[in-house]
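Peer 1: Here's the letter readout for the chains.
There are 2 protein chains.
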Amino acid sequence: MSKLSSEGLEPIFHPRSIALAGISISNPHHWTRVFLEALIEFAFEGPIYLVNPKGGEVKGLHVYRRLQDIPNTVDYVISTVGAKVAPRLVEECANKGVRAIHFCTAGFGEIDEEEGVRLETQLFEASQERGIRMIGPNCMGIYCPESRLSFNPGFPKQSGPVAFISQSGGNAGSIVRQVGWRGVRFSKVVSYGNASDLNESDFLEYVAADPDTDVVALYIEGVKDGRRFRRVLEQAAEKKVVILLKGGVGEGGTRAAAGHTGALAGSQATWDSLCSQLRIIRVYSLEELADMLVTCLFMPLPEGRNAALIGAGGGNSVLIADEFEKRGLRVPSLPEGIRKRVREFSPAAGNIISNPLDYSQTFVEADKLGEVVSIVSRWQGIDFLAGFLDLSGFARGEMFSSWVDAMLEASQRSSKPIAIVLQVGTVPEDMQELLPLVKKFVASQLPTYLSFRGAATSINSMLTYNENHAGRLKT
Amino acid sequence: MSKLSSEGLEPIFHPRSIALAGISISNPHHWTRVFLEALIEFAFEGPIYLVNPKGGEVKGLHVYRRLQDIPNTVDYVISTVGAKVAPRLVEECANKGVRAIHFCTAGFGEIDEEEGVRLETQLFEASQERGIRMIGPNCMGIYCPESRLSFNPGFPKQSGPVAFISQSGGNAGSIVRQVGWRGVRFSKVVSYGNASDLNESDFLEYVAADPDTDVVALYIEGVKDGRRFRRVLEQAAEKKVVILLKGGVGEGGTRAAAGHTGALAGSQATWDSLCSQLRIIRVYSLEELADMLVTCLFMPLPEGRNAALIGAGGGNSVLIADEFEKRGLRVPSLPEGIRKRVREFSPAAGNIISNPLDYSQTFVEADKLGEVVSIVSRWQGIDFLAGFLDLSGFARGEMFSSWVDAMLEASQRSSKPIAIVLQVGTVPEDMQELLPLVKKFVASQLPTYLSFRGAATSINSMLTYNENHAGRLKT
Numbered sequence: 001m002s003k004l005s006s007e008g009l010e011p012i013f014h015p016r017s018i019a020l021a022g023i024s025i026s027n028p029h030h031w032t033r034v035f036l037e038a039l040i041e042f043a044f045e046g047p048i049y050l051v052n053p054k055g056g057e058v059k060g061l062h063v064y065r066r067l068q069d070i071p072n073t074v075d076y077v078i079s080t081v082g083a084k085v086a087p088r089l090v091e092e093c094a095n096k097g098v099r100a101i102h103f104c105t106a107g108f109g110e111i112d113e114e115e116g117v118r119l120e121t122q123l124f125e126a127s128q129e130r131g132i133r134m135i136g137p138n139c140m141g142i143y144c145p146e147s148r149l150s151f152n153p154g155f156p157k158q159s160g161p162v163a164f165i166s167q168s169g170g171n172a173g174s175i176v177r178q179v180g181w182r183g184v185r186f187s188k189v190v191s192y193g194n195a196s197d198l199n200e201s202d203f204l205e206y207v208a209a210d211p212d213t214d215v216v217a218l219y220i221e222g223v224k225d226g227r228r229f230r231r232v233l234e235q236a237a238e239k240k241v242v243i244l245l246k247g248g249v250g251e252g253g254t255r256a257a258a259g260h261t262g263a264l265a266g267s268q269a270t271w272d273s274l275c276s277q278l279r280i281i282r283v284y285s286l287e288e289l290a291d292m293l294v295t296c297l298f299m300p301l302p303e304g305r306n307a308a309l310i311g312a313g314g315g316n317s318v319l320i321a322d323e324f325e326k327r328g329l330r331v332p333s334l335p336e337g338i339r340k341r342v343r344e345f346s347p348a349a350g351n352i353i354s355n356p357l358d359y360s361q362t363f364v365e366a367d368k369l370g371e372v373v374s375i376v377s378r379w380q381g382i383d384f385l386a387g388f389l390d391l392s393g394f395a396r397g398e399m400f401s402s403w404v405d406a407m408l409e410a411s412q413r414s415s416k417p418i419a420i421v422l423q424v425g426t427v428p429e430d431m432q433e434l435l436p437l438v439k440k441f442v443a444s445q446l447p448t449y450l451s452f453r454g455a456a457t458s459i460n461s462m463l464t465y466n467e468n469h470a471g472r473l474k475t
Numbered sequence: 001m002s003k004l005s006s007e008g009l010e011p012i013f014h015p016r017s018i019a020l021a022g023i024s025i026s027n028p029h030h031w032t033r034v035f036l037e038a039l040i041e042f043a044f045e046g047p048i049y050l051v052n053p054k055g056g057e058v059k060g061l062h063v064y065r066r067l068q069d070i071p072n073t074v075d076y077v078i079s080t081v082g083a084k085v086a087p088r089l090v091e092e093c094a095n096k097g098v099r100a101i102h103f104c105t106a107g108f109g110e111i112d113e114e115e116g117v118r119l120e121t122q123l124f125e126a127s128q129e130r131g132i133r134m135i136g137p138n139c140m141g142i143y144c145p146e147s148r149l150s151f152n153p154g155f156p157k158q159s160g161p162v163a164f165i166s167q168s169g170g171n172a173g174s175i176v177r178q179v180g181w182r183g184v185r186f187s188k189v190v191s192y193g194n195a196s197d198l199n200e201s202d203f204l205e206y207v208a209a210d211p212d213t214d215v216v217a218l219y220i221e222g223v224k225d226g227r228r229f230r231r232v233l234e235q236a237a238e239k240k241v242v243i244l245l246k247g248g249v250g251e252g253g254t255r256a257a258a259g260h261t262g263a264l265a266g267s268q269a270t271w272d273s274l275c276s277q278l279r280i281i282r283v284y285s286l287e288e289l290a291d292m293l294v295t296c297l298f299m300p301l302p303e304g305r306n307a308a309l310i311g312a313g314g315g316n317s318v319l320i321a322d323e324f325e326k327r328g329l330r331v332p333s334l335p336e337g338i339r340k341r342v343r344e345f346s347p348a349a350g351n352i353i354s355n356p357l358d359y360s361q362t363f364v365e366a367d368k369l370g371e372v373v374s375i376v377s378r379w380q381g382i383d384f385l386a387g388f389l390d391l392s393g394f395a396r397g398e399m400f401s402s403w404v405d406a407m408l409e410a411s412q413r414s415s416k417p418i419a420i421v422l423q424v425g426t427v428p429e430d431m432q433e434l435l436p437l438v439k440k441f442v443a444s445q446l447p448t449y450l451s452f453r454g455a456a457t458s459i460n461s462m463l464t465y466n467e468n469h470a471g472r473l474k475t
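Same order as they appear, the protein sequences are chains C and B. Each residue of the first sequence is one higher than the last, beginning at 1 in our numbering. Each residue of the second sequence is one higher than the last, beginning at 1 in our numbering.
I should point out that these hints are in silico values taken from the structure, not numbers from a laboratory.
Any copy, or any two copies together, can satisfy a pair, since identical chains are not distinguished.
Below, simulated DSBU-like cross-link-like pairs (lysine-lysine); rule was C-alpha separation at most 30 Å, straight line:
# : residue 1 : residue 2
1 : K84       : K340
2 : K368      : K84
3 : K157      : K440
4 : K416      : K326
Let the sequences and hints guide you as you build the complete structure.
Peer 2: Take a look at the structure:
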């Protein structure tokens with residue numbers, strides 16, 4: 001069997017058969033069960049084989065005592081066996097003709113002990129020698145909805161245009177779940193951990209060439225080969241929108257990155273200059289990454305930075321304008337002609353007919369909001385609109401519900417891009433009542449933000465990106 | 001009746017009787033009903049009189065057609081009558097011996113029209129002439145749990161040490177609700193709107209002298225008299241911890257502030273220098289204000305900036321360390337002696353025994369977390385601890401629940417201040433399942449944060465404040 005090149009990772013993302021080595025037989029809540037649960041939930045189409053020296057049966061599937069006992073070929077192995085026996089598993093896999101192994105388990109080079117480093121080297125050498133590609137160790141592996149492959153049974157089953165290459169499994173899961181309910185779907189997600197064999201450059205090269213991927217997100221703690229990474233990143237940035245979150249920027253963070261995935265983090269300045277040279281969109285937290293993905297997928301590119309803010313609440317109006325202006329967007333004054341036209345058909349006190357436009361009247365005369373949006377959106381002085389509301393002021397779901405419906409309808413009448421910019425807060429009772437209503441915006445494919453700052457930051461980044469790439473934004 | 005001085009606002013915060021002028025008779029969902037609902041919910045002890053020219057009955061209370069028809073004295077009037085009839089109400093109040101009126105309704109000086117400005121001037125002159133103090137117009141008025149006075153039936157009924165003086169009613173409500181469930185309680189909250197008569201300086205002077213207030217939060221769009229405000233602010237900052245959120249910092253925000261409360265916002269530089277000279281804690285968003293209040297009330301002052309971060313998840317560990325270090329805190333490396341002691345009794349792979357300390361083992365051996373916290377907290381190299389977790393990775397409530405219990409117990413064994421630092425995310429299903437569990441930390445009076453950044457920002461601000469005030473932090 002020929003060794004897979006990094007361009008040919010296809011079999012890893014589309015295995016025909018999978019074996020789960022090391023799954024717990026006795027404890028149904030054991031963490032090793034998650035891969036089986038996910039494959040069943042996703043209805044993986046090929047055969048799934050379970051392997052554990054104890055034998056037995058799990059969820060109606062026979063448990064083989066050894067890999068070699070499996071009567072058919074096995075493409076891909078997901079291993080949850082302990083670090084100490086991992087090198088032996090590589091031998092067994094080689095004998096069985098396995099093409100790739102995902103080592104989930106930790107306890108290798110990332111722990112600050114000789115034994116771990118030795119085991120990881122042994123693992124790497126064994127797999128290289130036998131021509132088996134390896135993901136990990138110390139990671140969650142692959143989520144590829146098209147192949148019905150997932151490491152979390154709760155992930156969305158539909159595919160989408162985003163690839164996420166994440167050194168951390170936790171951060172990968174966090175992002176998929178955070179943006180999943182906001183409408184973002186993925187082509188491929190990889191949690192690659194210690195990157196002993198397959199590393200960030202291999203996966204980046206693969207997704208850069210992937211026709212199903214338009215946007216590439218990266219969570220990187222450190223790179224294995226700086227020169228190659230730079231070259232691959234440059235090529236990727238020419239073909240896709242690339243967003244980067246660098247983990248490990250301070251002393252403690254760098255130490256944590258070394259402890260987490262054994263990564264050499266590189267200086268902050270190196271990363272700054274890399275991103276600005278290659279025109280990568282840099283984000284600084286998981287929230288920013290989530291907002292940026294929503295922006296790339298659902299926010300049509302405005303022609304410029306001038307925003308019309310239409311919402312409800314005077315204090316909110318002030319704070320959202322501050323957030324937008326602090327982060328590089330503009331909130332130009334509405335000319336008297338526009339203000340007069342709005343005031344004519346909606347003269348109620350409590351509305352501030354300006355920009356921001358505090359249209360609290362929505363709650364009384366919801367049907368008029370569409371006309372307001374239509375008039376304002378046609379003014380040449382603005383490039384996009386944002387419908388805003390601070391949910392933490394809303395104890396009552398029916399009020400928010402009527403605002404959602406009014407804003408949804410009004411958004412249809414906007415002649416320019418329109419974003420929904422909420423400030424969600426965290427009052428548990430509100431969240432329970434209000435967040436499900438937010439899904440209506442998501443279902444209509446409107447770009448939906450959950451904080452004023454988040455919206456401003458990512459829309460501004462999108463505009464900057466486009467300026468740098470002279471209109472090359474694809475999504 | 002003598003005119004109330006600004007030092008003698010006592011009757012406004014403790015009225016013996018209240019009349020609600022302008023309450024809707026026919027529509028039980030009308031916004032004017034909220035004050036009655038709140039007074040009933042809070043069991044206001046004095047008589048509540050309702051006034052509407054239509055007469056009738058609301059919730060079993062007689063509705064008087066005119067204020068003068070009320071058979072007894074009335075201390076305080078909450079007015080929801082329209083702007084045009086407001087000046088006439090002042091006359092009626094004067095004849096009735098009313099001491100103060102809260103004008104809730106908008107449509108005065110804040111709207112960009114001659115008529116509104118004229119009406120507000122008329123209102124001010126009438127109230128001055130008749131010796132009646134006025135809150136507003138265009139605001140929500142007073143929340144004072146001790147007096148059973150509230151503008152929202154859902155606010156906490158217990159009192160606490162925080163006074164919040166907010167030009168915006170929406171932002172006042174947002175903060176009370178956002179921090180209410182996180183354990184913060186208030187002495188007095190004022191939404192004062194256009195500040196036509198009683199303004200920010202009057203209220204600040206009052207709460208600065210209030211023995212029930214330790215911490216004063218301000219949301220200010222603009223001030224009426226800069227010199228007086230500066231003097232009052234300086235005096236307040238000598239007696240209380242003062243936190244300021246300035247709304248209206250950019251062009252659009254300033255315009256929004258003018259439109260919202262008619263405020264002249266003042267330059268950003270003026271505010272910067274004011275805060276740094278007077279050693280006011282400045283915050284830049286409602287979230288920061290909320291976190292700062294939680295910090296002032298529940299975070300014991302650490303002796304320095306060195307944090308030990310103990311949580312679960314490698315990717316999280318990296319990101320929380322980055323957030324802490326970016327915002328002025330330190331995450332020192334654990335000495336080998338400490339690491340060895342922890343590793344001795346908890347050798348499991350997947351734990352990174354460093355700082356951050358990725359103790360994912362909590363989920364398997366919850367009882368050991370207390371010992372870890374105890375060992376680390378006694379190390380002289382750190383000043384405080386943070387127990388951290390990213391909730392968006394948790395689909396399963398029972399896992400988070402066991403972490404909460406373990407961390408609660410472990411917090412008892414810390415010999416240094418300990419904060420709970422969560423990253424809550426927004427997945428609706430998570431919020432529903434997990435946020436109620438967070439209340440356990442709140443119930444134990446632990447400082448509980450909902451984002452890594454929020455915790456880092458506000459703990460750093462607290463330390464800076466204390467350095468500037470040479471140990472004068474009271475709370």
